[in-house]
Structures are given as C-alpha cells and as structure tokens.
Amino acid sequence: MPGDRNAQGASFSEEAVPHMDAVYRFALRLSGSRDEAEDLVQDTYLRAFRAWEQYSPGTRCKSWLFTICRNVFLRRRERSQRHDAILLETAQDDPRAISREATVFAASRDEDPEGEFFRSIVDDQIFAAIEQLPEEYRLVVVLSDLEDLSYGEIAEVMEIPVGTVKSRLFRGRRQLQGRLYDYALEMGYISEGGDK
Amino acid sequence: MAFFDSLKRLFGGAGQNGRSGDATSPVTGGSPTASGSTDEAAVAMIPCEEASARLFEYLDGELEDVSEEEVRRHLEVCEACYPRVQFEKHFLEALRRSQDGGRASESLRARVLQSLAGDEGLD
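Line by line, the protein sequences are chains A and B.
At position 78 of the first sequence the residue is numbered 728 (this note's numbering), and the sequence of numbers has no breaks.
At position 121 of the second sequence the residue is numbered 545 (this note's numbering), and the sequence of numbers has no breaks.
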C-alpha cells in the first residue's frame with residue numbers, strides 16, 4: 651500500500667539515514683578504498699531499505715547496518731576471488747608488532763607511565779596505524795573504539811562469539827599501541843626507555 | 425553506610441605507599457587490610473594480574489556480573505594499577521578522538537537517496 655510505503659520511507663529516513671557517516675567510515679575500514687566504500691554504502695542502504703520490515707525496533711540500527719555492510723562486502727570480495735588470499739594474509743600477525751605489543755606499557759613506564767604521549771599523536775597517524783592492523787583485529791577495534799558498539803553488538807556484526815571479540819580487541823589494541831609507540835619514538839614524543 | 429565504606433576504601437587504599445608503578449605486583453603494600461574492613465580485605469585479595477586482565481572490560485563498561493565487582497573495586501583504588509589504568513584510558517581517548525574525520529560526502533548522500541527513491545523508497 652502506498653501509505654505503508656510512505657510510512658516505511660519516513661521511518662527509514664529517521665532511523666537509518668542518520669547513520670550514513672558511520673556506515674561510510676566502517677565501509678572505508680573494510681575496503682580501504684573510498685570508491686569501494688561509497689559503493690558499499692549505496693548497496694548497504696538499498697538492501698537495508700528492502701529489508702526494513704525485518705528490522706526490529708529497539709535493536710541498535712547502527713549495528714544492524716554494519717552487519718549488512720559487512721555481508722555486502724564479503725559477498726563482493728568472494729566474487730572478486732580474493733577471499734582466500736586476504737584471509738591468509740590477515741591470519742598472519744606481524745611478528746614485530748607481537749613482540750612489541752606486550753611491552754609498550756613497560757617500555758614507556760619510566761618516562762611516561764600514564765601514556766601521555768598518546769595525546770601528541772595526530773589523528774592521521776592513528777588512522778594509518780589502524781589501517782595496518784590485520785583485518786580481524788582492525789574491525790573489532792573500529793567497531794568498539796571508534797563506533798562505540800558493545801561486545802555483544804560486535805559479536806553479532808562479525809558473527810563471532812563474545813569471547814573472540816574480547817581476545818581480538820585485546821590483541822588489536824596491543825598491536826596498535828606498539829605501532830603508535832614506534833611512531834611516538836620516531837617523532838621524539840618519547841625516548842626509548844631502559845626498562846624493556 | 426555504603427557511602428562511608430566507599431570513602432574509607434578510597435582514602436585507605438589510594439594514599440599509603442605512593443605509586444609503585446608496578447602493575448603486576450599484588451596489592452599488599454598499599455592495601456588497607458590492617459584496618460580489618462571486609463570490603464577492604466576483598467580488595468586486597470585480588471592480585472593485580474587478575475584485575476589487570478579485566479582492565480579493558482572495566483574501561484569498556486562491560487563488567488556487568490555482580491561477581492566482577494571486586495575487579496572494579498580493585499581498579500578504582502589500587503595505586504599500583506593506577507598508571508596502567510591511565511595509560512589505557514589515554515590510548516582509548518586518542519582512538520576515539522581520531523574518528524572525527526570520516527564523513528559521507530554530499531555527493532554520496534545524494535547518490536544513496538537517489539537510489540532509494542528509484543527503489544520507491546524515499547522522497
């Protein structure tokens with residue numbers, strides 16, 4: 651019915667459209683390309699609108715859109731035959747990052763025990779450091795720390811158990827700290843500590 | 425009474441021995457067990473390692489179980505863990521601050537709304 655259709659359009663405009671910035675940011679983190687991210691956003695919104703009747707009011711619309719966006723991305727990636735290669739690539743940690751991740755707090759403890767140096771790091775550098783994380787860590791860090799989703803919501807978007815969310819978040823944050831610490835050393839925000 | 429107990433915990437647990445900066449040491453040096461309060465003893469019973477392992481859950485607001493109250497209390501009063509808590513807070517603040525950049529462009533918005541309208545969606 652036209653009336654229902656109009657009401658559906660109105661509620662979609664009200665609830666889903668305001669999250670477009672967040673969906674775009676997530677799509678950008680998924681794809682690493684602005685053009686692809688824009689295509690993902692368009693497909694996500696089209697699919698979300700067609701499935702709007704299935705959306706249950708009360709659930710968080712943003713995480714529902716993220717779920718659709720991730721599914722659209724995975725389907726596209728599968729189609730492009732890069733799926734296995736990327737999975738293989740992201741399953742391997744950067745050994746340098748791993749050796750670093752457990753020691754950042756200890757390394758900076760003498761000079762900067764409360765991590766004030768994080769405040770000096772420019773946003774672009776943080777963005778770049780997040781981009782370099784393996785995908786499985788990058789996405790949970792983005793969803794938690796940039797988009798403010800709960801562990802439960804991330805588990806739904808990523809289709810993984812909450813325990814896996816916690817462990818990926820822990821490892822991802824530690825790797826990120828290692829990369830930001832290296833950058834802070836290079837920029838002279840902090841000097842190499844003796845306690846390593 | 426609960427309010428006074430909290431004050432006692434805060435002042436008793438956070439001001440005695442100075443910051444050791446050792447996030448992995450047990451909370452014995454700065455612990456207020458000598459005063460004999462049950463609450464304080466509970467804080468002292470949790471090793472820093474255990475509390476530290478739950479630190480992200482604490483900062484993420486994901487410590488919901490009542491049994492996890494001990495972790496919360498520990499991290500709120502333990503001097504040895506204080507630098508670690510601040511360290512992780514500054515890290516997470518830096519991440520949150522960095523997200524302001526990414527916005528969907530006006531051309532993308534127009535394109536999305538146009539495709540929805542074409543799908544008999546929006547005006």
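Derived by calculation from the structure, the hints in this document are not laboratory data.
Remember, it's a predicted structure, so these values are computed and weren't measured experimentally.
Ideal Cβ positions, reconstructed from N, Cα and C, are used throughout, including at glycine.
Mixed in with the good hints, there may be bad ones.
Using C-beta positions, here's what the derived DEER-type ranges look like [said to hold, decoys possible]:
hint	chain 1	residue 1	chain 2	residue 2	range
1	B	Ala477	A	Glu686	34 to 42 Å
2	B	Glu488	A	Ser663	51 to 59 Å
3	A	Val812	B	Ala541	18 to 26 Å
4	B	Gly542	A	Arg725	34 to 42 Å
5	B	Glu493	A	Arg684	29 to 37 Å
6	B	Ser529	A	Gly813	20 to 28 Å
One-sided excerpt, in silico: chain A residues whose CB lies under 10 Å from chain B [to be verified]:
hint	residue
7	Ser681
8	Gly682
9	Arg684
10	Tyr695
11	Arg700
12	Tyr705
13	Gln775
14	Glu797
15	Met808
16	Glu809
17	Val812
18	Lys816
19	Leu819
20	Leu835
21	Met837
Evaluated hints:
{"no.": "1", "hint": "Ala477(B) / Glu686(A): 34 to 42 Å", "result": "holds (38 Å)"}
{"no.": "2", "hint": "Glu488(B) / Ser663(A): 51 to 59 Å", "result": "violated (34 Å)"}
{"no.": "3", "hint": "Val812(A) / Ala541(B): 18 to 26 Å", "result": "violated (39 Å)"}
{"no.": "4", "hint": "Gly542(B) / Arg725(A): 34 to 42 Å", "result": "violated (21 Å)"}
{"no.": "5", "hint": "Glu493(B) / Arg684(A): 29 to 37 Å", "result": "violated (46 Å)"}
{"no.": "6", "hint": "Ser529(B) / Gly813(A): 20 to 28 Å", "result": "violated (38 Å)"}
{"no.": "7", "hint": "Ser681", "result": "violated (12 Å)"}
{"no.": "8", "hint": "Gly682", "result": "violated (13 Å)"}
{"no.": "9", "hint": "Arg684", "result": "holds (9 Å)"}
{"no.": "10", "hint": "Tyr695", "result": "holds (5 Å)"}
{"no.": "11", "hint": "Arg700", "result": "holds (7 Å)"}
{"no.": "12", "hint": "Tyr705", "result": "violated (14 Å)"}
{"no.": "13", "hint": "Gln775", "result": "holds (9 Å)"}
{"no.": "14", "hint": "Glu797", "result": "holds (8 Å)"}
{"no.": "15", "hint": "Met808", "result": "violated (16 Å)"}
{"no.": "16", "hint": "Glu809", "result": "violated (19 Å)"}
{"no.": "17", "hint": "Val812", "result": "holds (9 Å)"}
{"no.": "18", "hint": "Lys816", "result": "holds (7 Å)"}
{"no.": "19", "hint": "Leu819", "result": "holds (7 Å)"}
{"no.": "20", "hint": "Leu835", "result": "violated (16 Å)"}
{"no.": "21", "hint": "Met837", "result": "violated (14 Å)"}
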